[in-house]
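Student: When you get a sec, could you build the whole thing from the sequences and use the hints?
Listed in order, the protein sequences are those of chains A and B.
First residue of the first sequence? That's 1 in the numbering used here, and the numbers climb one at a time after it.
First residue of the second sequence? That's 1 in the numbering used here, and the numbers climb one at a time after it.
The hints are simulated quantities; they were obtained by calculation from the structure and are not laboratory data.
Treat each hint with caution, since some may be false.
Among chain B residues calculated to face chain A with C-beta under 7 Å, some are [said to hold, decoys possible]:
no.: 1; residue: Val13
no.: 2; residue: Glu15
no.: 3; residue: Ser31
no.: 4; residue: Tyr32
no.: 5; residue: Gly43
no.: 6; residue: Arg95
no.: 7; residue: Asn99
no.: 8; residue: Phe104
no.: 9; residue: Gly105
no.: 10; residue: Lys106
Every residue gets a Cβ at the ideal spot worked out from N, C-alpha and C, and that includes glycine.
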Amino acid sequence: DVKVTQSSRYLVKRTGEKVFLECVQDMDHENMFWYRQDPGLGLRLIYFSYDVKMKEKGDIPEGYSVSREKKERFSLILESASTNQTSMYLCASSHRGQVNTEAFFGQGTRLTVV
Amino acid sequence: AQKITQTQPGMFVQEKEAVTLDCTYDTSDPSYGLFWYKQPSSGEMIFLIYQGSYDQQNATEGRYSLNFQKARKSANLVISASQLGDSAMYFCAMREWGNTPLVFGKGTRLSVIA
Chain A
1 DVKVTQSSRY LVKRTGEKVF LECVQDMDHE NMFWYRQDPG LGLRLIYFSY DVKMKEKGDI
61 PEGYSVSREK KERFSLILES ASTNQTSMYL CASSHRGQVN TEAFFGQGTR LTVV
Chain B
1 AQKITQTQPG MFVQEKEAVT LDCTYDTSDP SYGLFWYKQP SSGEMIFLIY QGSYDQQNAT
61 EGRYSLNFQK ARKSANLVIS ASQLGDSAMY FCAMREWGNT PLVFGKGTRL SVIA
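Tutor: Written as structure tokens, this is what we have:
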């Protein structure tokens, strides 16, 4: 079974903490993505990476950074967590490719910042 | 400008009935792909169906079909013979030409009533 695995299903962090969300895929995909999901707003792209050490900003990168040191791993970093970053975070991966390339998702991390 | 519009925040359907979830999109690329994903309460994103902009026929996958009207830029999902397990969030998404990320709509919450 192909898999995208996120390190935590639920996470509670304090305001001001540095938070790491980890994502690993076993499908040898070139592309990896971080989305944020909020009620009424759908999925919004934070960052994506199309190769090791490469990254591109998405629609809402402010307050976030990413790291991709290995092909299979893509980390989302909240440098100083704030309550408005309480959300569901979804990692996805796909092959580099054409318009028909499907993205595979992890199970999501529900982050609460208190 | 919003690229994917889902105008129905919530829908109800009787078990065994058919239901149509609306999706309109905006792009100037002649080559693009349209996707529908299902997200049950457990949170994982499940790929349902894909339609390419050059596909001559509407896509079908089991009880799911996509009513693709290119001139109207709409890609509505039709679920036939609804089941209780179809209750979930449904997201429409688009990928434009090139190695680009999926862009999602805000989603529609479908509730199937016994």
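Student: If you test the structure against every hint from before, which numbers come out violated?
Tutor: Hints 1, 2 contradicted; others consistent.
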